[in-house]
Amino acid sequence: MEFQGYVRPDGKVGIRNYTLILPNGRGIGVLADQVAKLVRNSKIFIPPNENGRDSEDRATIARTIVGLAKNPNVGAVLIMGIKSNGGYPEFTREAMVDEIYATGKPVDSVFLEDCPGGAYEALGKALLKARHLARKASECRRETVDLGRLCMGVKCGYSDATSGMAGNPTVGYLFDRLVEAGGTAMFAETTEVIGADHIVARRFNDDKQRETFLAAVKRVEDEAKATGEDIRTINPIPANIQAGLTTLEEKSLGAIAKSGHMPLSSSLRYGEIPAGPGLHFMDSWMSSATLFLGFAAAGSALSIFQVGGGWFPDRMMMPTASAGLVTPTLYMTGNPRTYAKTNMDMDFSASEIISQREPIEQAGERLVQRVCELASGHLTMGETLNVDDNVEIYLRGPGL
Amino acid sequence: MKAIVVIGEADNVGNAIEDICTGESVVYTLNGKTQELKAMGDVPFGFKMAIKDIAVDAPVVKYGEVIGVASKPISAGECVHIHNVAGNRGRGDLKGAK
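Line order of the protein sequences matches chains A and B. Here this note's numbering is used: the first residue of the first sequence is -10, the next is one more, and so on. Here this note's numbering is used: the first residue of the second sequence is 141, the next is one more, and so on.
For the record, the hints were derived by calculation from the structure and aren't laboratory data. By construction, the Cβ of each residue, glycine as well, lies at the ideal position given by its N, Cα and C atoms. Hints are not guaranteed to be accurate.
Output of the computed footprint for chain B on chain A, the stretches with three or more beta carbons under 8 Å from beta carbons of chain B [as the list claims (entries may be wrong)]: (1) 145 to 155; (2) 181 to 187; (3) 190 to 203; (4) 238 to 244.
In silico negatives: residues of chain A with every beta carbon more than 12 Å from chain B [said to hold, decoys possible]: (5) Val(-4); (6) Lys26; (7) Gly107; (8) Lys114; (9) Arg221; (10) Ala278; (11) Trp300; (12) Met305.
Straight-line distance between alpha carbons at most 30 Å, and here's what the computed DSS-like set of lysine-lysine pairs gives [stated by the list, open to error]: (13) B:Lys142 to B:Lys235; (14) B:Lys235 to A:Lys214; (15) A:Lys72 to A:Lys114; (16) A:Lys125 to A:Lys197; (17) A:Lys26 to A:Lys118; (18) A:Lys207 to B:Lys178; (19) B:Lys212 to B:Lys178; (20) A:Lys330 to B:Lys212; (21) B:Lys212 to A:Lys214; (22) A:Lys125 to A:Lys207; (23) B:Lys212 to B:Lys235; (24) A:Lys197 to A:Lys118.
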């Protein structure tokens, strides 16, 4: 199975070709925002303030910034900042700016400290450079490549019983095919492996990676218990309970079907780029406001939002359009009722598994086909909107 | 005749894939054999029905795995949900939770 993608200098393949306006800190955000508004086909990520955060959270922010620049859907990068050296070890010129230049992509930068005219000069310089980068990015042409050149992430949400029976197994089939072809697949949502963690743990080849995974699960379960509440009052969420899912364990057992059957290569931190191809788990909160950004930073070219949707009212517009920022979201459902209510917003249906007893393998092959179409340039429904969702990095530590 | 889906061989619940009303006859297929039972309560689309009696504190099994325990006695044919099932994991509300 093939698609037409953008082959980047590092050999990774993107399915879109954005110019990324990338502040190295929040302070330049106002100027960066204006540049992004003026430059067509640009995307912007304004990071949260790294000041007063511990080393783990700072590393997460830095990893997200650099990861977005490295994402294969990014054709060119304009780095903007007040200074090229942010101060903290994770934000030095070497750790961040140089790392981005090393991608080999068209990269340029503007730092306010280098502009005698200050902010007002920086704004004009940045606009000019961004326009040149956008034009340079446009010189990259799509080429025919194998499915295995793709990196993808999946999140399941608004889960109901169909998630575990139809929607997630269909994604699992896709991920098996993707990994067999040499591709990279990521799933996440640490809370939602609790109850199925023993099954996932068995699939790790590497003992150390298995320990990392189990430590992440233990951390989250300990945090849950520390609330003094029954996790069932928190996650599963009301949308799950009202649609018939009864316990976290039940939700998790249905959720892990989206990971397919391949062995697990590693347990990643939030926004961490996998060291190699294969199937990977990402330790992350399940919220769509953070997870798709994490997948984008890790290199996902296309991310799936697998929806149960039993809770949805009629004709509901999907909650996010572009939460992956540079990475489009493929919306799908395995619930025939959800599909009937929201097909105008969906990119794929696996609901025939339930309504027509379609074999999972057949639905899976259809999904592979759909992925190749979207990868080659068909728009997702989310991409037809001029919407930039509010997205956040998943940060765990205190503000100090 | 309404259908429910039983996923694992050892499961004691099945999933409704259509709305089921009290008193209706319900079928499921497991290991090639078709079994029939009567709905003892309403089981909406996506909800679970017990296919066996489940005693208090006995495990509720789906996908061949424990998804919780019965918090009330459950008869075959009854709807199985938060009113008669408790989870085991993440129970910060229980005394001695660490």
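* To do: Report holds if the minimum CB distance from A:Lys114 to chain B is greater than 12 Å, and violated otherwise.
  => Holds, because the least Cβ-Cβ distance between A:Lys114 and chain B comes to about 52 Å, which exceeds 12 Å.
* Regarding the pair B:Lys212 and B:Lys178, is the alpha-carbon distance no greater than 30 Å? -> holds, 20 Å
* When you look at the beta carbon of A:Trp300, is every beta carbon of chain B farther off than 12 Å? -> Given that some Cβ of chain B is not farther than 12 Å from that of A:Trp300, nearest at about 10 Å, it is violated.
* To do: Sort out whether B:Lys178 lies within 30 Å of A:Lys207, counting only the CA atoms.
  => violated, 41 Å
* To do: Take the C-alpha atoms of B:Lys142 and B:Lys235, compute the straight-line distance between them, and say whether it is at most 30 Å.
  => It is violated: about 42 Å lies between the C-alpha atoms, which goes past 30 Å.
* Interface exclusion of A:Ala278 relative to chain B, criterion Cβ beyond 12 Å -> holds, 22 Å
* **Within 8 Å of chain B's CB atoms, at least three CB atoms from the stretch 181 to 187 of chain A: coverage verdict** => The restraint on the stretch 181 to 187 of chain A holds, since 3 of its residues have a Cβ under 8 Å from chain B and three suffice.
* Given as non-interface: A:Met305, which should sit over 12 Å from chain B by C-beta -> Non-interface label on A:Met305 holds, nearest chain B Cβ at 17 Å vs cutoff 12 Å.
* Asked: When you look at the beta carbon of A:Arg221, is every beta carbon of chain B farther off than 12 Å?
  -> violated, 5 Å
* Would you check the hint for A:Lys197 and A:Lys118, treating anything up to 30 Å between C-alpha atoms as holding? => Roughly 45 Å separates the two Cα atoms, so the pair is violated.
* Coverage of the stretch 145 to 155 of chain A by chain B, judged on three or more residues with CB within 8 Å -> holds (count 5)
* Quick one, are A:Lys125 and A:Lys197 close enough, alpha carbons at most 30 Å? -> violated, 43 Å
Going through the hint list in order, the structure does not satisfy hints 3, 9, 11, 13, 16, 18, 20, 22 and 24.
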